[in-house]
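Go by the hints and put chain B onto chain A.
Listed below are the residues making up each chain.
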Amino acid sequence: MPHLELDNISAAYGKLRVLDGIDISVGSGETVGLIGPSGSGKSTILRVLTGLLKPEAGAVRVGGEEVNFDRPAEIRRLRDRAAIVFQQYNLFQNLTVLENVMIAPTKVRGRKPREVRPEAEHLLAKVGLADKMDSYPDQLSGGQQQRVAIARGLCLKPEILLLDEVTAALDPELVSEVLDTIRGLAEDGMTMLIVSHEMGFIREISARVAFMAEGKVVELGSPTQIFDAPEKERTRDFVGKILRH
Amino acid sequence: MSGFLTELTSLLTQYNLIFLLKGMATTFALSALGCILGGLFGTALAVARLTTGPLTLPLRALALVFTEFFRRVPFLVTLMLCFFVFQFSGLDVSTFTVGCVTVVLIGTAFLAEIVRAGLQSVHPNQWHAAETMNFTLLQTIRYVVLPQAWTVILPPAFGFFILFIKDSALASQIGVVELTYVGKVFNNRGFSAGLSFGVILVAYFMLSYPLSRLGAKLEKKLASSRTR
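If you're matching them up, the sequences are chains A and B in order.
Per our numbering, the very first residue in the first sequence carries number 1; after that it's consecutive.
Per our numbering, the very first residue in the second sequence carries number 246; after that it's consecutive.
In isolation and in its complexed conformation, chain A is listed as follows (with noise of 0.2 Å):
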């Protein structure tokens, strides 16, 4: 049974059809990797995943338990088993780091601080920033902010973790301190959905990775398949293109 399944899943913004019967499903500890040009609705499907979109149609299970997205307990649910890391990385920017990851865990959960600073400390000091608890977002490097965002995701202790073009908003050289963080993640066996322009490192981690192309996976199969020998025309192009630049 896959840890997260989307079964058909269409949704709008309005009346602008963004995901159109996506069929994508991802195993515990598996590690799946969604590519496409821009528009293409791949943030859409974490948005949907987090609750910030509801669906027209179609299933997403969890576990195999359907999410019922008219029901807020189901989705608050959805939230408690899957953290999202954002682009542009959403830290609060009234609070330090440690309190941007205690901070939910505290007030949300209602764990107490005692117990919950440990284990921020612990993952603070995982993506190597455990000199910086007591600064401020704005006092942080993208690539450092990155990381706090990862932290105060896992210091949820979600079932998946879902990962939205983390490196796209950081300087080139800051890129590779956050894909490490990924990587151990990764083998850790943290199931994972990640949507990510770096073809390379979504080839080295995905266990699988869909292609997308106007909101519809067009593609997918191994990092192989996609990245070597596609299928379909489409993916070809696409990939083509990057493989050229």
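Where hints are given, some of them may not hold.
[To be verified] Below, simulated SDA-like cross-link-like pairs (lysine to any residue); rule was C-alpha separation at most 25 Å, straight line:
1) B/462 <-> A/140
2) A/112 <-> B/376
3) A/107 <-> B/462
4) A/157 <-> B/404
5) A/157 <-> A/24
6) A/54 <-> B/370
7) B/465 <-> A/140
8) B/462 <-> B/370
9) A/107 <-> B/404
[To be verified] Which chain A residues face chain B? A few, computed with CB under 10 Å, are given here:
10) 47
11) 69
12) 72
13) 88
14) 90
15) 93
16) 103
17) 104
18) 172
19) 174
20) 201
Hints are computed from structural coordinates only; laboratory data are not their basis.
Predicted model, so just to flag it, every value in this text is computed and none were measured.
The beta-carbon is built from N, C-alpha and C at its ideal position, and this holds for glycine as well.
Chain B in isolation, oriented as in the chain A frame:
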């Protein structure tokens, strides 16, 4: 000059000073009530306007209508409206109470708009991040948005508080013995208009200047802290 000093000395009797201080206290009470209760109710209305979903639609509509109505009706008209509504209802309330209700209504409407604008000035990604971590609306506002919105809310709020102290003078129109009313009484007792209202001017300044200093101090403090 000596004539002015003589007149000033005769105005500053114990009785007149107590009367003046009572007027100041009334103006202060009206303004403070309008600012504090208006701030609390206004924040509640601003939050109501940020709710989503069909269940809270009536609440949003009510908050919007209230805010837009009382921001557009002049203070004096609202005052008269309250005065006659109380009269019509048969409730035996003092003119001070009528004045208080009026300032709270107006304070609520204006501060609701100031707070709403402040809350919405915080980048949507902060709201989204909180939402995806299951923060409730009130938790998002308390822990994430409001601390970042203070710098946007405080300058217009303090500007409004100071305007409000001056606007409360209109309560004298229904007989509330506040500062402007005291000035009129001094003038009616034969003191020159220049002296009567000059004293009132100083009293208004004494009320509003510390408030503007407090506003400036808070703005400075918040600007240097992590509340972007």
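Agreement of residue 462 of chain B and residue 140 of chain A with the hint, judged by alpha carbon distance not exceeding 25 Å: Roughly 28 Å between the alpha carbons, so the hint for residue 462 of chain B and residue 140 of chain A is violated.
For a C-alpha distance cap of 25 Å, please report whether residue 54 of chain A and residue 370 of chain B respect it. Holds: residue 54 of chain A and residue 370 of chain B sit about 18 Å apart, inside 25 Å.
Residue 107 of chain A and residue 404 of chain B were given as a pair; does the straight-line alpha-carbon distance stay at or below 25 Å? violated (34 Å)
Could you grab the alpha-carbon distance between residue 107 of chain A and residue 462 of chain B and see if it respects the 25 Å cut-off? Violated, at roughly 31 Å.
Hint check: is the beta carbon of residue 47 of chain A less than 10 Å from a beta carbon of chain B? Interface hint status for residue 47 of chain A: holds (9 Å vs cutoff 10 Å).
Tell me if residue 104 of chain A is really an interface residue toward chain B, meaning its C-beta lies closer than 10 Å to one of theirs. holds (4 Å)
Would you check whether residue 88 of chain A satisfies its interface hint, that is, whether its CB is within less than 10 Å of any CB in chain B? holds (6 Å)
Sort out whether residue 404 of chain B lies within 25 Å of residue 157 of chain A, counting only the CA atoms. violated (46 Å)
How about residue 172 of chain A: closest beta carbon in chain B under 10 Å, or not? With Cβ-Cβ at 23 Å, over 10 Å, it is violated.
Holds or violated: is the Cβ of residue 69 of chain A closer than 10 Å to a Cβ in chain B? Since the shortest Cβ distance to chain B is 13 Å, the answer is violated.
Would you check whether residue 72 of chain A satisfies its interface hint, that is, whether its CB is within less than 10 Å of any CB in chain B? Holds: closest Cβ of chain B sits about 9 Å from residue 72 of chain A, inside 10 Å.
Hint residue 201 of chain A vs chain B: min CB-CB distance below 10 Å? violated (23 Å)
The structure fails to meet hints 1, 3, 4, 8, 9, 11, 18, 19, 20 from the earlier list, while all remaining hints are met.
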